[in-house]
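2 protein chains.
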Amino acid sequence: MAKELKELESRSVDYSQWYQDLVIKADLAENSAVRGCMVIKPYGYAIWEKIQRQLDDMFKETGHQNAYFPLFIPKSFLSREAEHVEGFAKECAVVTHHRLMKDPNGTGLVVDPDAKLEEELIVRPTSETIIWNTYKNWITSYRDLPILVNQWANVVRWEMRTRLFLRTTEFLWQEGHTAHATREEAEAEAQKMLEVYATFAEKFMAMPVIKGVKTATERFAGALDTYTIEAMMQDGKALQSGTSHFLGQNFAKAFDVTFVNKDNKQEYVWATSWGVSTRLMGALIMTHSDDNGLVLPPALAPFQVVIVPIYKNNEQLHAIDAKANQIMAKLKSLGISVKYDNTDNKKPGWKFAEYELKGVPVRLALGARDMENNTIEIARRDTLTKETRSIDGIESFIKDLLDEIQANIYKKALDYRNANIREVNSYEEFKVEIEKGGFLLCHWDGTPETEELVKNETKATIRCIPFEGDKTPGKCMVTGKPSARRVIFARAY
Amino acid sequence: MAKELKELESRSVDYSQWYQDLVIKADLAENSAVRGCMVIKPYGYAIWEKIQRQLDDMFKETGHQNAYFPLFIPKSFLSREAEHVEGFAKECAVVTHHRLMKDPNGTGLVVDPDAKLEEELIVRPTSETIIWNTYKNWITSYRDLPILVNQWANVVRWEMRTRLFLRTTEFLWQEGHTAHATREEAEAEAQKMLEVYATFAEKFMAMPVIKGVKTATERFAGALDTYTIEAMMQDGKALQSGTSHFLGQNFAKAFDVTFVNKDNKQEYVWATSWGVSTRLMGALIMTHSDDNGLVLPPALAPFQVVIVPIYKNNEQLHAIDAKANQIMAKLKSLGISVKYDNTDNKKPGWKFAEYELKGVPVRLALGARDMENNTIEIARRDTLTKETRSIDGIESFIKDLLDEIQANIYKKALDYRNANIREVNSYEEFKVEIEKGGFLLCHWDGTPETEELVKNETKATIRCIPFEGDKTPGKCMVTGKPSARRVIFARAY
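Here the protein sequences come in this chain order: B and H.
Going by numbering that gives the first Met the number 0, the residue at position 86 of the first sequence is 85; the numbering climbs one at a time, nothing skipped.
Going by numbering that gives the first Met the number 0, the residue at position 9 of the second sequence is 8; the numbering climbs one at a time, nothing skipped.
Hints are computed from structural coordinates only; laboratory data are not their basis.
Be aware that a few hints might be false.
Note that the list lumps identical chains together, so a pair holds whenever it fits in one copy or between two copies.
[Said to hold, decoys possible] Derived lysine-lysine pairs resembling DSS-like cross-links, with alpha carbons at most 25 Å apart: (1) Lys350 <-> Lys59; (2) Lys115 <-> Lys89; (3) Lys101 <-> Lys89; (4) Lys398 <-> Lys331.
Values in this document were obtained by computation on a predicted structure and should not be read as measured data.
All chains should be modelled from the sequences, with the hints used to inform the complete structure.
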């Protein structure tokens with residue numbers, strides 16, 4: 000194993016360090032000179048682009064259009080919606096001036112005191128306020144509805160403790176903001192977009208998720224209901240991977256957005272918002288990867304196949320180059336992305352370790368003996384198994400293999416998750432079980448007080464009230480009061 | 000003509016008002032609640048997405064990868080490169096605090112004085128500084144070079160006078176930042192990317208451009224050479240549409256980025272940067288549009304064809320719907336994007352005017368008589384001409400027509416531009432001619448003083464020293480001193 004790989008901490012020793020090592024060593028991202036802000040490196044960004052492209056197609060298929068709203072939000076906008084301000088006004092980047100000048104007492108630059116803004120601007124932590132202030136001018140009648148708009152943007156939340164992809168001061172995301180004539184239509188939209196997220200997570204990220212609704216405590220600030228998809232990482236912790244909010248008429252009331260309905264009456268507009276972010280990169284990494292490095296689902300890998308030549312001299316290399324080009328052309332004709340790495344300054348062993356670290360789903364090796372026998376060595380990243388096969392029909396074999404890998408890593412993640420969901424019936428048992436990780440299905444009396452107590456004592460939160468599964472009533476594990484149904488408790492990222 | 004269209008100012012009366020009206024009425028963009036920041040509306044953003052997708056493909060074909068760097072730049076970074084600070088530190092958004100709190104004396108929010116940043120952060124006006132600070136850690140040896148990275152991002156420059164798309168405080172752009180082992184390679188890269196921009200402008204935007212190099216006065220702050228593409232708008236003014244900079248070793252020196260070359264010697268890295276922005280939207284609008292509204296090149300239109308049904312009753316509509324669906328399927332199979340507008344609450348005349356205003360290249364109308372005769376009415380947006388044809392083979396007719404429209408609007412713009420390039424030989428003549436607009440080819444003595452004098456007296460600047468064209472020496476039109484060759488003077492956006 001190459002030296003670089005040895006430096007990757009093992010998951011069982013220190014999961015958190017393993018994650019950090021992997022993000023850095025697989026060239027996905029790194030910390031920048033600006034506290035809490037990351038640099039997303041080309042290999043990491045290529046995965047994010049695949050995520051974006053796929054989600055964007057799914058948004059468009061469901062009737063949404065993209066638009067772009069300002070980065071800055073006037074300070075006063077944030078305090079218009081009473082709950083929203085509590086959630087988002089606390090830690091944010093505040094622009095107070097619009098000019099620098101040479102330091103009159105030194106050599107550097109200082110803020111020009113004459114360039115103070117009349118009203119401070121906040122770098123958007125989320126865009127409900129600026130968008131609903133805009134929608135006010137777009138909506139007069141029910142004929143102007145629905146508005147189905149999404150934006151791909153950067154947002155800033157001043158986080159005290161940051162971790163690459165999982166929690167950064169600046170992150171990239173999409174935020175959908177829709178406006179509707181009826182409550183029913185808005186609720187249906189919020190649920191539809193949660194379905195889109197769940198489909199994307201399972202089909203493309205190969206990551207099983209549980210769909211559900213958040214408790215009042217865990218809701219988005221300003222929402223009447225927050226729907227969520229929750230995934231389980233390999234350390235048994237939950238990662239909230241996407242949320243969709245039914246906002247009721249809260250933002251319409253805060254920004255006075257009304258419309259004339261079919262009965263010719265003035266009414267406030269109904270709203271949703273929904274988003275996923277570069278946090279999905281963290282979810283992707285932690286769902287599938289192992290102590291050898293990243294494991295990428297073929298559907299999101301920047302390149303699905305890598306070909307490495309093994310040769311002793313230039314003559315051999317030229318012959319292998321020609322064969323590799325033939326194979327590449329065949330693979331590309333089936334829509335498979337492939338990289339041929341015939342760079343001369345690295346040994347095959349180094350390349351094998353490198354592409355293992357980078358999670359390339361399939362690695363092909365072509366050597367002198369393969370040339371003689373018309374064979375090729377095929378290595379799977381997910382199972383770390385190898386086999387040698389005839390080159391004839393290799394392209395359709397690999398196409399099927401990529402589908403199999405996609406299905407296999409999904410199944411592996413699903414099995415792990417299912418094996419780590421447990422019913423727990425007493426708070427005593429809960430305190431023991433929560434230390435083992437996983438999702439605990441427990442009865443809860445529905446009060447924020449009990450939720451708070453559990454959180455303070457065990458660091459576990461209610462991840463969601465799942466849409467599916469057992470809906471039998473019972474008694475709260477903490478208070479013994481009536482419980483409508485079991486909910487999911489877990490420690491979370 | 001519909002009421003909305005009448006409200007569009009005519010170009011001959013007030014070109015600037017016409018532009019403003021058109022951007023608003025064609026639903027491209029609008030001003031936001033934040034001074035100088037625009038909202039890009041879905042129809043405008045759909046054009047920008049086409050621009051992005053095409054450019055992104057071209058960047059990738061030329062070996063570039065995307066990445067993402069922080070929105071914020073530490074204040075001290077800006078003063079590291081001596082010229083850069085002059086150009087970019089003046090008008091910028093300065094983040095000084097990271098928290099708001101409830102106003103102790105009122106109901107709103109105030110900046111929390113305890114949350115003052117140790118060092119102020121600048122919202123990026125351009126990213127050379129933060130990127131070269133990052134590259135320092137990526138580059139050790141010539142084997143790490145070249146780095147060919149691009150980023151799609153928002154940037155902020157605190158503009159005093161703003162105009163939608165042309166000059167806004169926040170705008171969207173791409174910025175390429177490359178690092179090379181040799182001066183020659185960096186210079187070749189800067190020129191290659193100018194070629195990419197020129198090809199994109201001419202082939203996709205149908206906008207002829209003149210390639211050239213900027214004078215020292217007009218160079219990017221920190222560059223050794225700035226290459227530019229300059230387009231002529233319909234009022235005869237120039238619009239700088241894309242620039243590519245050869246940065247020499249300036250940023251490598253400022254951020255101490257060195258590498259070990261093949262001769263095992265330490266050397267500073269060579270750099271380029273290059274960018275185009277949402278300003279291209281302004282260029283696109285002003286190159287082709289007319290007093291009836293937008294004229295879009297088929298290559299960038301959100302939808303290339305619109306079908307409008309003309310009917311008296313539901314029975315007719317159902318028959319037309321069926322026929323329209325057949326036509327749409329045929330068009331889509333040829334890769335043509337098409338919208339069928341059978342909404343019931345607008346008259347055909349209103350729809351005709353609306354799609355004319357929005358610049359849809361081809362409009363098809365299907366009426367009861369067409370159904371009888373198996374015909375369809377085809378209207379071209381560029382020439383405003385109509386004809387009725389058999390539906391048989393309509394798809395290949397339209398495919399050819401779209402190509403013809405793309406070529407025709409390019410030719411029209413090229414003819415206009417060529418008719419408005421004039422040689423001028425005396426400064427007296429210049430002062431008269433510049434009032435008529437257009438590009439003036441004049442001899443210039445090569446000094447910034449003469450450039451400055453001309454600018455102060457006539458508002459004209461040297462747009463570029465063109466790569467192509469007459470290279471005969473002569474005498475400066477102002478000073479009579481020797482001139483190496485004619486350069487292009489114009490008033491500019």
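Hints that the structure is at odds with (numbers, increasing): Per hint list: zero violations.
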